[in-house]
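**Student:** Residue-level listing of the chains:
Protein chains: 4
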Amino acid sequence: MNFTGVFPILATPFKPDESFDDVAMRRMLEFMASLNVDGVTVLGVLGEANRMTDRDRERIIRCTVETLAGRTPVIVGISHPGTSATIELAAMASELGADAVMLTPSAEPVPNDARVAEYFGRVCSASRLPVVLQDHPASSSVHMQAPLIARIVEENPGIACVKAEAVPSPTKITTLRGLFKRPVPMLTGLGGLYGQFDLEAGSSGYNTGFAFPEVLQAQVAAQQAGDVARARRIWAHFLPLMVFEQQPGVAVRKELLCRRGLLSSATVRHPGAGLLPAAADGLSAVIDWVMPGVDITRPIDVSAIIE
Amino acid sequence: MNFTGVFPILATPFKPDESFDDVAMRRMLEFMASLNVDGVTVLGVLGEANRMTDRDRERIIRCTVETLAGRTPVIVGISHPGTSATIELAAMASELGADAVMLTPSAEPVPNDARVAEYFGRVCSASRLPVVLQDHPASSSVHMQAPLIARIVEENPGIACVKAEAVPSPTKITTLRGLFKRPVPMLTGLGGLYGQFDLEAGSSGYNTGFAFPEVLQAQVAAQQAGDVARARRIWAHFLPLMVFEQQPGVAVRKELLCRRGLLSSATVRHPGAGLLPAAADGLSAVIDWVMPGVDITRPIDVSAIIE
Amino acid sequence: MNFTGVFPILATPFKPDESFDDVAMRRMLEFMASLNVDGVTVLGVLGEANRMTDRDRERIIRCTVETLAGRTPVIVGISHPGTSATIELAAMASELGADAVMLTPSAEPVPNDARVAEYFGRVCSASRLPVVLQDHPASSSVHMQAPLIARIVEENPGIACVKAEAVPSPTKITTLRGLFKRPVPMLTGLGGLYGQFDLEAGSSGYNTGFAFPEVLQAQVAAQQAGDVARARRIWAHFLPLMVFEQQPGVAVRKELLCRRGLLSSATVRHPGAGLLPAAADGLSAVIDWVMPGVDITRPIDVSAIIE
Amino acid sequence: MNFTGVFPILATPFKPDESFDDVAMRRMLEFMASLNVDGVTVLGVLGEANRMTDRDRERIIRCTVETLAGRTPVIVGISHPGTSATIELAAMASELGADAVMLTPSAEPVPNDARVAEYFGRVCSASRLPVVLQDHPASSSVHMQAPLIARIVEENPGIACVKAEAVPSPTKITTLRGLFKRPVPMLTGLGGLYGQFDLEAGSSGYNTGFAFPEVLQAQVAAQQAGDVARARRIWAHFLPLMVFEQQPGVAVRKELLCRRGLLSSATVRHPGAGLLPAAADGLSAVIDWVMPGVDITRPIDVSAIIE
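Residue numbers (the working numbering), protein chains in the order written: chain A, 1 to 307; chain B, 1 to 307; chain C, 1 to 307; chain D, 1 to 307.
What the hints contain is simulated information worked out from the structure, not anything from laboratory work.
Mixed in with the good hints, there may be bad ones.
Note that the list lumps identical chains together, so a pair holds whenever it fits in one copy or between two copies.
[As the list claims (entries may be wrong)] Result set (SDA-like, lysine to any residue): computed pairs, CA atoms no more than 25 Å apart in a straight line:
hint : residue 1 : residue 2
1    : LYS15     : GLU108
2    : LYS181    : PRO277
3    : LYS15     : VAL110
4    : LYS15     : ALA126
5    : LYS15     : GLY121
6    : LYS181    : ALA278
7    : LYS181    : ASN112
8    : LYS15     : SER125
9    : LYS15     : ARG59
10   : LYS15     : ALA278
11   : LYS15     : GLU88
12   : LYS15     : VAL184
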């Protein structure tokens, strides 16, 4: 896995009673496999990982690995406030057949860069899986300044990728590139909000949950082929939808995945915010605006839409 | 003033030594007046109000009021951690000829809704100027839940407008509209990031610092004329630039205002982040992408650009 | 259980490799049982609950319930960012034989009092165990204002106790007492820092982890017997040690429990801060100062020490 | 000034209408001068500096300097979110005759150690007054890790003192002492909550607002004379009152200063929390407990009280 391309962060499907919906999960996974995405991530922040029991986690990883059966690499979010628990989650991911893990530190009462570095060091030492270092202060409340990230990356060859989600992300990517002593792919998150800017700053693709990965694929392909104008055109065309979808909470995204026929319910685990009727209406409006008349239950034809 | 239309939040021009640049201020104000904006706001969050001395504040308000000389209403940001100081700032604004004030509460060690309500109550009682209630938890760390805002608005007829900047803003606007017992205009901030969605949810326009107010004017005019499709087209066309500009910090916006010929320096007051070379390059790229060949030192012709 | 008296919050013993030390756990539990404390709480904040896997949690609850075998009631901390996961942890606690559960809400990106109330409502509906509502914004970042707590208590008869840890705690206790429509015992936490003030404001005892529960017992007994002067004398005598012990982090407390012969290692799970040599020295000094010559490996004779 | 001894942080007296009460201020200053304190600090956090206008600040500094007339050194809090404004406040303090300034950085949206260092560097370069670096993350939300503080101290000879208020303060003092390349006095704040521990860790005295500076003087004198047992006895005797007084907010302290006859009103500037009746009662109780029958309107006789 070279962490280049498009790696959707998957929402976790729940039934209306909030139990894991493995049927929807498999449906979503098959869809992703059919798109030939470069990998998928489960149990990320917007996968509602923080609302899971460990048994939930196991079930989700197992379902994912079994369904994909090697067709698509699987990255598993394992961030946990305890280092030893993170290591256990890494071990579970490994045993269940995952291909990589993603982690970010938790906020401690007294911030301490040395212990943040140790957190990554211990997990990297204990796990044979490649590690995605996630830099997302908005959810973690941990601000890893660029020199700290560079040091962690240097100390841990196991870090195979940085998920760059600290705003402003394009300049942080540029700064990190200047500090890294080995090439480390950096992926874009944040719902794709800064996706084209990140690509132009040197990101190698997406690791985010935007509900239309085929859009991101077309954009990244154009960018990689040197057709920046086309990459921009694709991204700009869908940007209103991305902006709408990346509003706080995962309810809008789940509703969108329902409309795509992938989820059976937009249920968010409490106390996460559910979908407000006004947001459902707004979503209908923006879909109709960006892709009027398009059947979104199938992979969409990006070229046809943007022409 | 009915708080409908486009009310730019002005950046505060500084010379390279960080002193107030009144020449640039006047130039920018003349530009805004020439656009016939519906009002301007000085000393907002991205006007770097928190880095001012009171004398700075006075100078800026005086320069603004004198330059505009009644052509364009002036809203003055007066948020201050102390209620009596806020009242003094309101009095200063009033004496200097401002037309309205904008305020948001400050975070206290022990949050207390009653005292937040008192904050607005005292300022409204003491000031004869209309008040814009700013709801921007990202900068204030005060989360005013919708029922609290509704109560404050009900208790204080002096509140003439809500600046709706709590994400997700479109649904908050909808929720507030349902709770208000009198019509209160709500304006969009956040750099316009959710502008079209807010308009469709019922916002009455913009109170934000996007460096191309003429774009916002064209969009709002289309929306008001019932041409939602055109409003969307305008907004979507410029959305990549808005997204780029609303990244944290005001340096990018100031650089953009320099390129428009309005500021003479993009200087941000320390310890605010200055412009990184990578951000300057990125800005050049996105301008050239969104408006290739356009002379941005003059009011731009939005219709021509989006056709 | 009437939630009156002294309910130690137990530290979780770890071996130097951070694995659960059940031998030390049993030793500590026997000690608590021998003191006739009114109950014990496991998996609280300073029980490092947030660094546990669910299997760790199960092991700790099982060990506790089995060791105490009904001699001493067991309260289990079950706070979890997900409501359904909290309910599962409540069910696990119940199945394993716990007598009560303790919970506090988690911070959401957009604070929402209604959902905080729902959080308690759902857990209370789902669990037959009495619930301790913990009000500890310092760890949860959730500030439940007094009217919200009163409403939650009113809506949920299952709430049997409030752990009052929002500073200033004495006045919050007074305020809550004035709002509650039924008598609800309130217990003191925060390492006992405000213990005597809380008792005088109406708290019914302690639910905290101070390493000398026999001190708290003597103090509460005196207070209950109406001998406030003696209660104060006891508390004041040990206050320097309490102040020292309640410094951020649990390392000092664990070291103290080692010196009492209850733990075999002061190991804190990473990334929690371990014991600094300077803190160990400081601890020696304060013990020697407060209880010179006392054998702290046995229950101490509080009367003898304070005379 | 060698920043050794006791430097009270002064509350700012307000009349019931929240205007500055210069009569009370002078009375309090005379009292401090009569105690021969080693200096006083005005406009600290609990001096409600953040609720002042700049004119308020000027008035308070002027009143302080004029009243003390060189008898007692004056330290002025000048923390401001803007570096240039901080420099202006330093200049004002200097012009008005202050002897030193105290500052702490403000939180920025994207934390940046380099700019925190620049903040101190610029103020030190611009001001001829000695600088007290305040390390108080509880109010500033800026966590300066020990190596950063050491670097700032090394780069700026103008830094003459560190106010050590980052918990756990005793170990932070020890850590900093190990890192400093020149001797820098460190003073204790936090209402004296960790005062004796800080002294034993190497602090050179107090810079806090406890309403009985004569207690702190007696304690520091004993400590400096090598009579640690007496220092401890003094501190421990008054610790219940210190604990009570350092609860969040300044209302209790102001009430205490009223009872000492120094202030005429316990008025706190809104939206700061005023005194609750329950807190007034609690205060009466603790005073009566710690110093029964003592006339607190005069300097108290610490030796007589603790025997």
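**Student:** Are the CA atoms of LYS15 and SER125 at most 25 Å apart within a copy, between copies, both, or neither?
**Tutor:** between (38 Å within a copy, 20 Å between copies)
**Student:** Checking an output row: LYS15 and VAL184, CA cutoff 25 Å. Within, between, both or neither?
**Tutor:** For LYS15 and VAL184, the Cα distance exceeds 25 Å both inside one copy (39 Å) and across copies (37 Å).
**Student:** If the cutoff is 25 Å on CA atoms, where do LYS15 and ARG59 land: within, between, both or neither? Let me know, please.
**Tutor:** Within one copy only: 15 Å inside, 30 Å across.
**Student:** Tell me, please, which holds for LYS15 and ALA278 at an alpha-carbon limit of 25 Å: within, between, both or neither?
**Tutor:** So LYS15 and ALA278 pass the 25 Å test inside one copy only (22 Å; across, 46 Å).
**Student:** Classify it for me, LYS15 with GLU88: is the Cα-Cα distance of at most 25 Å met within a copy, between copies, both or neither?
**Tutor:** between (28 Å within a copy, 17 Å between copies)
**Student:** I want to check one pair: LYS181 and ASN112. Are their C-alpha atoms no more than 25 Å apart within a copy, between two copies, both, or neither?
**Tutor:** Classified as both: same-chain Cα gap 24 Å, cross-chain 22 Å, threshold 25 Å.
**Student:** From the Cα coordinates, with 25 Å as the cut-off, is the pair LYS15 and GLY121 best called within, between, both, or neither?
**Tutor:** between (38 Å within a copy, 21 Å between copies)
**Student:** Which holds for LYS15 with ALA126 at a C-alpha limit of 25 Å: within a copy, between copies, both or neither?
**Tutor:** Answer is between: at 18 Å across copies they meet the 25 Å cutoff, but 35 Å inside does not.
**Student:** For LYS15 and GLU108, with the copy left unspecified, which applies at a CA distance of at most 25 Å: within, between, both, or neither?
**Tutor:** Cα proximity of LYS15 and GLU108: across copies only (22 Å, versus 34 Å in one copy).
**Student:** Treating 25 Å as the Cα threshold, decide for LYS181 and PRO277: within, between, both or neither.
**Tutor:** Classified as between: cross-chain Cα gap 21 Å, same-chain 50 Å, threshold 25 Å.
**Student:** Could you figure out if LYS181 and ALA278 sit no more than 25 Å apart (CA to CA) within one copy, between two copies, both or neither?
**Tutor:** Intra 49 Å, inter 20 Å, cutoff 25 Å: inter-copy only.
**Student:** Pop the pair LYS15 and VAL110 into one bin, within, between, both or neither, using alpha-carbon distances up to 25 Å.
**Tutor:** between (39 Å within a copy, 24 Å between copies)
Comparing the model with each earlier hint shows a violation of hint 12 alone; every other hint is respected.
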